[in-house]
Amino acid sequence: DAGVIQSPRHEVTEMGQEVTLRCKPISGHDYLFWYRQTMMRGLELLIYFNNNVPIDDSGMPEDRFSAKMPNASFSTLKIQPSEPRDSAVYFCASSSGGGSKVFFGQGTRLTVV
Amino acid sequence: GQQVMQIPQYQHVQEGEDFTTYCNSSTTLSNIQWYKQRPGGHPVFLIQLVKSGEVKKQKRLTFQFGEAKKNSSLHITATQTTDVGTYFCANYDNDMRFGAGTRLTVKP
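Residue numbers (our numbering), protein chains in the order written: chain A, 272 to 384; chain B, 17 to 124.
Looking at chain A on its own, in the form it has when it is part of the complex (with noise of 0.2 Å):
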């Protein structure tokens, strides 16, 4: 198996700008996490899915991020308009069963300019 998919690795964007952050889990996982990671505040579990559907988005800084899970082998997370302060590293992971071995993505660098 590949392991978890994230496109793009690199996004650069302008401040105000749509962004769609795009994740692959792995093939017969369950749990999908997406999580933002920055200096300040470390890794921030942002929301999680379970069979596709959203469990947890307390994480959820803002009503300008929103994510999708359309089906097994998909998610996106989404921030529209996005701002400076969103420059972090958002990472996608998966897990087959709550409580297992959890996988990450090699995550996507996202700076808002």
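It is worth saying that the hints were derived from the structure and are not from the lab.
Treat each hint with caution, since some may be false.
Computed list of lysine-lysine pairs in DSS-like fashion (alpha-carbon distance at most 25 Å, straight line) [said to hold, decoys possible]:
no., chain 1, residue 1, chain 2, residue 2
1, A, 372, B, 52
2, B, 72, B, 85
3, A, 372, B, 85
4, A, 372, B, 123
5, B, 67, B, 52
6, A, 295, B, 85
7, A, 295, B, 52
8, B, 86, A, 372
Reference listing, derived: stretches of chain A covered by chain B, where coverage requires no fewer than 3 residues with Cβ under 8 Å from a Cβ of chain B [stated by the list, open to error]:
no., segment
9, 317-330
10, 365-372
11, 375-382
Short, incomplete list of chain B residues facing chain A, as computed with Cβ under 7 Å [unchecked claim]:
no., residue
12, 26
13, 58
14, 59
15, 61
16, 110
17, 111
18, 113
19, 114
20, 116
Bear in mind the structure is a predicted one, so any value in this text is a computation, not a measurement.
No residue lacks a Cβ here, since even glycine has one placed at the ideal position from N, Cα and C.
Given chain A's structure and the hints, the job is docking chain B onto it.
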């Protein structure tokens, strides 16, 4: 999952010295997972502990889960430059929330 606290935030050691990072919770944990993130990389799973008092070893790394299941530690014996990175603990109980991590630097 429960929020966990990690100390220290940073640790700088001379190559060959030992290193320990601690993870604490105010409540009983169902499990503890440890991850390592190399600079510029992504977190990679190291181990999971589930039993009270559990001790597991991976070469120079020793992981412990406290008797009350409220704390855990990761100990590295005789650090090497390849050990550089940030070590995170996390409690995975449907969701997974990470501690702040301990950033380890090793001077050759």
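Here is what the structure says about each hint:
{"no.": "1", "hint": "372(A) x 52(B)", "result": "holds, 13 Å"}
{"no.": "2", "hint": "72(B) x 85(B)", "result": "holds, 15 Å"}
{"no.": "3", "hint": "372(A) x 85(B)", "result": "holds, 19 Å"}
{"no.": "4", "hint": "372(A) x 123(B)", "result": "violated, 31 Å"}
{"no.": "5", "hint": "67(B) x 52(B)", "result": "holds, 21 Å"}
{"no.": "6", "hint": "295(A) x 85(B)", "result": "violated, 34 Å"}
{"no.": "7", "hint": "295(A) x 52(B)", "result": "holds, 22 Å"}
{"no.": "8", "hint": "86(B) x 372(A)", "result": "holds, 20 Å"}
{"no.": "9", "hint": "317-330", "result": "holds (count 4)"}
{"no.": "10", "hint": "365-372", "result": "holds (count 5)"}
{"no.": "11", "hint": "375-382", "result": "holds (count 4)"}
{"no.": "12", "hint": "26", "result": "violated, 12 Å"}
{"no.": "13", "hint": "58", "result": "holds, 4 Å"}
{"no.": "14", "hint": "59", "result": "holds, 5 Å"}
{"no.": "15", "hint": "61", "result": "holds, 5 Å"}
{"no.": "16", "hint": "110", "result": "holds, 5 Å"}
{"no.": "17", "hint": "111", "result": "holds, 5 Å"}
{"no.": "18", "hint": "113", "result": "holds, 6 Å"}
{"no.": "19", "hint": "114", "result": "holds, 4 Å"}
{"no.": "20", "hint": "116", "result": "holds, 5 Å"}
Of the numbered hints given earlier, the model fails hints 4, 6 and 12; all others are met.
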